[in-house]
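Heads up: the sequence lines are chains A and B, in that order. Just so we're aligned, residue 1 is where the first sequence starts under the working numbering, counting upward by one. Just so we're aligned, residue 1 is where the second sequence starts under the working numbering, counting upward by one.
Among the hints, erroneous ones may be present.
As the list claims (entries may be wrong) - Here are a few chain A residues that sit away from chain B, every Cβ distance over 12 angstroms (derived from the structure): (1) GLU5; (2) GLN9; (3) GLY297.
As the list claims (entries may be wrong) - Reference listing, derived: stretches of chain A covered by chain B, where coverage requires no fewer than 3 residues with Cβ under 8 angstroms from a Cβ of chain B: (4) 44 to 55; (5) 237 to 251; (6) 265 to 276; (7) 347 to 358.
Worth flagging that the hints you see were computed from the coordinates, not collected in a lab. For every residue, glycine included, the Cβ atom is placed at its ideal position computed from N, Cα and C.
Now for the letters of each chain:
Protein chains: 2
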Amino acid sequence: MEVAEDFIQRLRSVIGAGRQGLHEPTFNGNEKRYLEECIDSGYVSSVGEFVNSFEHKFADFVGASFCVALANGTTALQLALTVGGIKPGDEVLLPALSFVATASAVVHAGAVPHFVDVDADSWGIDPSALRRHLEAIAESRSGIFINKETGRRIRGLVPMHTLGHPSRVDQLVEIAEEFDLLLVEDAAESLGSYWGKTHTGLFGSMGVFSFNGNKTMTTGGGGALVTADPELASRAKHLSTTARIAHQWEFDHDEVGFNFRMPNVNAALGVAQLEQTQGFIAKHRTLFNLYQEAFSGTALGKLKSEREGTLSNYWLQAFELSPGEAHFRDEIMRACIGQDVQVRPLWKPLNGLAPYLSYPSAPTPVTEDLYARVICLPSSPAIVKGM
Amino acid sequence: MEVAEDFIQRLRSVIGAGRQGLHEPTFNGNEKRYLEECIDSGYVSSVGEFVNSFEHKFADFVGASFCVALANGTTALQLALTVGGIKPGDEVLLPALSFVATASAVVHAGAVPHFVDVDADSWGIDPSALRRHLEAIAESRSGIFINKETGRRIRGLVPMHTLGHPSRVDQLVEIAEEFDLLLVEDAAESLGSYWGKTHTGLFGSMGVFSFNGNKTMTTGGGGALVTADPELASRAKHLSTTARIAHQWEFDHDEVGFNFRMPNVNAALGVAQLEQTQGFIAKHRTLFNLYQEAFSGTALGKLKSEREGTLSNYWLQAFELSPGEAHFRDEIMRACIGQDVQVRPLWKPLNGLAPYLSYPSAPTPVTEDLYARVICLPSSPAIVKGM
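Isolated chain A, as found in the complex (with noise of 0.2 angstroms):
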């Protein structure tokens, strides 16, 4: 049987027939419910019971201290470095394989993105060839890590978790603390992911989240930013809610702020879904299992699964074509779409894309690598009927 055949039937054995799209939200919960709370209470704006009650829930759920609630992954990411103290022209470590967001998010904080490449088993960045990169491009003087080839301060670590599957996160805060580096984590995609008994998104100073329509969970467009620290907690409220300084009267503002605020009637539908994100991810693992079962015994490769002493969400499967197979990408991408079924190969690698071009890099060949190998499956929660 032809390749792109096999691989379609093995799918459909698992999403049924007809369309399918990549990741879409299920609302079967009090989503109604507290949108018509909402709107009788009169508050749908940056303030409101609903963006109260989700922080509070959102903190509760990944067991931070501190939940602030945003208008989407992006501006929080942004805050975040922002409040971390990310100066213009400092260099932000993040990795080449992530969404063009992770890197947009560092340009629109001033700082400067600087790629590094990922490991093959975590789809994260790679500690090790982290640590070989900074032995050899950074100098401390007096105590501040500068790259020595481009004269700039590198101050920040962004690590992603790809996919939902949690990076080598433990390893990367002692890189963090070893050249002083500000670690926040782009937990856009792994709400649900644990590195041990810790959810990412805990392990830096900060971490953020998106609430995305293709999200784990949606608030229409959202993010928020975790943290320990009431400090940062506080100012990146304040900053994000245009710096405004208390008073019964007065519009006096001590910085430079944003609106970037959920709104009360976003925040609205992320309680009513954040009460069923346990069962969105006990979906997205039975799903992983239907997709594991369905693939087994191909030579064409593997379902990526999440590694020992992790907890994956899941979020988006991902098929992972043998190297010898990885000619087949497009060909079984086009199969697939060619009949409505929603695949995507993992994101072109940042560094490689024309407005990142001249920023600077690590050498990157696994991001590359992964690029070339990685085919995206279906993985709405709907697909699993039942439970």
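Assemble the complex: chain A is given as a structure, and chain B must be docked to it using the hints.
Only chain B this time, still in chain A's reference frame:
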């Protein structure tokens, strides 16, 4: 009778007894129905029918060729300046009398806010004072206007229509042409306001609107950019959605983009609100008439009324204390707020706020005078019953 007591009695004759907010939204239309439809559609995020519908209906409402729905007015202004070609370090002229977001959007676009004064009649940028200022500080070097004092290019002009009262855009357009300035109108407060027969926001290259909870109509959080130029509209939409190049699977991006789109769930609310907006504006006008009557005969000052040749949406009613009575401002505000009646002054002049002190500014005596004398009154459409 004591001055503050007399003021409150006149206010109370319009707003009745009890608590009264400054400007609260009204939800008496299809809000719940459209939110339900939005949930049922499965599309709550940056793609969906309500976003498309809102953009078309909003463009029709104001008479614009194109509308791009965005996260809020601040990001809309930042984006407009960016797609309009404002470059890092360019100076952008704006009124010292505005909500702080006008200035912070300029900074977020990488530009330098340069404050100018308003006139006592329109409360928007004073064209005569602007021209005098430009003639004094601007120097044409090969057709490019440079601020002689800072050496930077003067490139943008952002009039704002204060509290919904149209500024002298006719004259500002002429000055913008003469000095080769990008004109972007901050129409955040002026939905339903016209200069002549043209809606505010349509005089410059682009206009931006806000749908925050306190505005004439609300999407929770939201904003829009309108323009007659298909290329500007297309680029604004592209940049606001991560600048992704259309492709059936590839994630490629040709610029450093933003995540600034309005989510579909907010647009659903917006479509419902837009259906009622003519009614809200009618109530604003009725409220002006009621206040006008209530404050007739007082020697304390006068209601702010629309200028000849303009139509104001009367978004926020304002009482202007006579020059000799300005010292009563705080006493009156304290008395009102003490009775849970929300009033406020105009915004502190932007060129006097700590984060903007270092930016260039023309003298702004009129801004400072208005700030000292104006009290904004409760303006919710719901104050006007039974229409």
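Status of the hints after comparison with the structure:
1. GLU5: 19 angstroms, holds
2. GLN9: The claim stands: A:GLN9 keeps its Cβ more than 12 angstroms from every Cβ of chain B (closest is about 20 angstroms).
3. GLY297: 27 angstroms, holds
4. 44 to 55: holds (count 4)
5. 237 to 251: Result for this restraint: holds, n = 7.
6. 265 to 276: With 3 residues close enough to chain B, the hint holds.
7. 347 to 358: holds (count 6)
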